[in-house]
Structure formats: structure tokens, C-alpha cells
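Q: Convert by adding 73 to the 1-based position in the sequence shown; the result is the number in this note's numbering.
Everything labelled a hint here was simulated from the structure, so no lab data went into it. Just so you know, even glycine gets a beta-carbon here, dropped at the ideal spot from N, CA and C. Among the clues, some could well be false.
Unchecked claim - Here are the computed distance ranges between Cβ atoms for each label pair: (1) Ile225 - Arg119: 38 to 46 Å; (2) Gly310 - Leu277: 22 to 30 Å; (3) Arg232 - Leu185: 21 to 29 Å; (4) Val335 - Leu124: 34 to 42 Å; (5) Thr325 - Ala206: 25 to 33 Å; (6) Val267 - Arg119: 24 to 32 Å.
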Amino acid sequence: MTWLAIALAAAGACCFALAAWLQQAAVRTAVDADGLRLSGWLRMVRAPRWLSGFGLTGLGAGLHACALGLAPLTVIQPVGTVAIALTTVLAVRSTGGRLTPSTWLAVAASTLGVGIFVLLAAQRTAMPPLSAAADVRAGMVTAVGVAALGAIGAVTGGRVRCLAYAAAAGMAYGLVSVYVHTIAVGYLHPIAVVGLLAALPVGLWFVQHAYAAGPPQVVIACQTVVDPMLGVGVGLGLLGEASSLHRSTAITLAACGIVAVVGVVLLAREHVRPQWSRS
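Modelling step: build the complete structure from the supplied sequences, incorporating the hints.
A: Next up, the structure:
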């Protein structure tokens with residue numbers, strides 16, 4: 074069932090990538106000189122591109138939830154890195170550009186890094202029992218991180234704001250994955266439900282403002298890295314998913330994570346912004 078879960082997670086990542094590409098187009102046409110205001114939100118949510126992206130996000134979330142019910146958090150979360158490569162390709166092609174050797178190198182690094190990570194995690198990681206206390210601690214740590222990143226984004230602008238808001242969205246969605254995992258394996262307690270319902274709109278708010286401040290591949294790269302980092306951290310540190318993990322495997326997993334992060338950074342540095350008409 075682990076390999077089916079990986080396939081579902083990969084399909085979900087593709088949905089998220091296409092959704093990011095579509096929604097960023099709608100956000101950029103709705104943003105005002107002062108940023109994404111209420112009037113911009115009203116225009117944005119009526120745009121066909123944004124609605125299509127929203128539908129794909131829902132489909133991706135459903136696939137991701139199914140995957141979390143079949144495999145441990147540390148296996149599923151890193152698969153989302155696949156979305157970065159697809160978003161970058163979409164961004165480049167939408168401008169009539171071409172993928173440079175450095176872009177292909179970045180794609181290869183992120184894909185290879187996360188691929189080996191998933192392979193090792195799928196063979197070595199166990200599904201542990203969950204607890205309400207672990208979910209509370211995960212929620213508290215995430216809330217502090219999201220608040221700090223939100224404050225940074227509020228007092229800055231441009232690329233820094235984009236990265237801060239995208240990272241905050243990544244943390245919120247990472248917490249969503251933690252709570253979905255808790256519910257999917259049969260531990261339906263109020264803390265997980267409330268945390269899930271609170272984290273979803275927070276993530277949505279931050280990611281739309283990140284789209285308003287920067288190109289889609291930077292947003293998806295940042296949140297796709299932060300999301301699995303939070304998920305893996307919670308899985309290993311709070312949920313006990315490292316109980317069967319040997320030291321050599323942990324070192325290899327860390328090395329693969331570094332390779333994937335380097336690939337993500339290189340992809341984000343391309344800074345290709347799709348040009349959209351307002352028609």
C-alpha cells in the first residue's frame with residue numbers, strides 16, 4: 074500500500090502545481106497598487122482561472138489525504154517536491170522560453186533527492202500510534218512559526234514578502250497534513266478537527282498574498298519545501314516515526330533532503346514570471 078500512497082501523493086502534487094500556475098494568473102490580474110485588497114479578492118474568486126485552480130487544489134488535497142491514510146507522514150510529505158519542477162516548466166513555457174541546462178540540473182537534483190528519500194523512507198519507516206498531546210504540540214509550534222513569518226511579510230515587500238508568506242502557507246499546509254494523517258488512521262479527536270479547519274484558511278490566505286508578491290515557481294518552491302520539512306519534523310520528533318530508523322539511514326535521508334533543497338533553490342532562482350492578459 075505504500076507504493077500506491079506514493080503514486081497518489083505524486084498525482085496530488087501535479088494537481089497542486091497546475092493549480093498554482095492558474096491561481097497566480099488570477100491573483101496578478103486582481104492585485105492593486107497597494108496589494109491584494111478586498112476588491113481584488115472579490116475579482117479574483119470570480120475569475121475562471123482561479124476557480125479552476127481551486128478545483129485542482131481540492132482534487133490534489135483529496136489525493137494527498139488518501140495517501141496519508143495509507144503511509145506514514147515521512148513518506149508522503151517529501152513527494153510534494155515534484156510540484157516544483159512542473160510549476161517551473163509551466164512558467165517557462167507560458168512565456169515562450171526554454172529550459173536551460175541549469176534548470177534541468179535543478180529539476181534533476183530535486184527529483185533525485187526526493188526520489189531516494191521516498192525510497193528509503195518507504196522501506197524503513199513504521200506507522201506509529203498518534204496522540205492528542207502530539208497534535209497540540211505540533212499546532213503550537215506551527216502557530217508560532219506562521220505568526221513570525223506573517224509579521225516579516227507584513228513589514229517587508231517584494232521577494233522577501235513572497236518568500237515569507239509562501240513559507241507561512243507551507244507551514245499551515247504542513248500542519249493540515251499532520252492532522253489529516255491523524256484523522257485518516259482513525260484518531261478522530263476534536264483537536265485534530267479544529268486544527269485542520271483553522272489551518273486551511275490560514276494557508277489559503279497566505280498563499281494568495283504570496284502569489285501577489287512573486288512568481289508562481291518561487292511560491293510553490295518555498296511552500297513545497299517548508300511543508301514536507303514540517304511534516305517530517307513532526308513525524309520524527311513528535312509522532313515517533315523514527316522508531317525503526319537506523320543512524321545510517323537517517324544520514325542518507327538528510328543528504329537526500331539537502332540535494333532536494335539545493336535543486337529547489339536553483340529552480341526558484343530562475344524567476345520566470347508568466348505574462349497574462351487581463352481579458
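Q: Is it true that Gly310 and Leu277 lie within 22 to 30 Å of each other by Cβ?
A: holds, 27 Å
Q: When you take the CB atoms of Thr325 and Ala206, is the distance between them in 25 to 33 Å?
A: holds, 30 Å
Q: Confirm or reject the claim that Val267 and Arg119 have a C-beta distance inside 24 to 32 Å.
A: Given range 24 to 32 Å: holds, Cβ gap about 30 Å.
Q: Given the hint of 38 to 46 Å, is the C-beta distance from Ile225 to Arg119 inside that range or not?
A: Since Ile225 and Arg119 have Cβ atoms about 31 Å apart, the given range 38 to 46 Å is violated.
Q: Take the C-beta atom of Val335 and the C-beta atom of Leu124, compute their distance, and say whether it sits inside 34 to 42 Å.
A: For Val335 and Leu124 the Cβ distance comes to about 35 Å; the hint holds.
Q: Just to be sure I understand the hint, the distance between the Cβ atoms of Arg232 and Leu185 should be within 21 to 29 Å; is that true here?
A: Distance hint for Arg232, Leu185 holds at roughly 27 Å.
Checked against the numbered hints given earlier, the structure breaks only hint 1 and satisfies all the rest.
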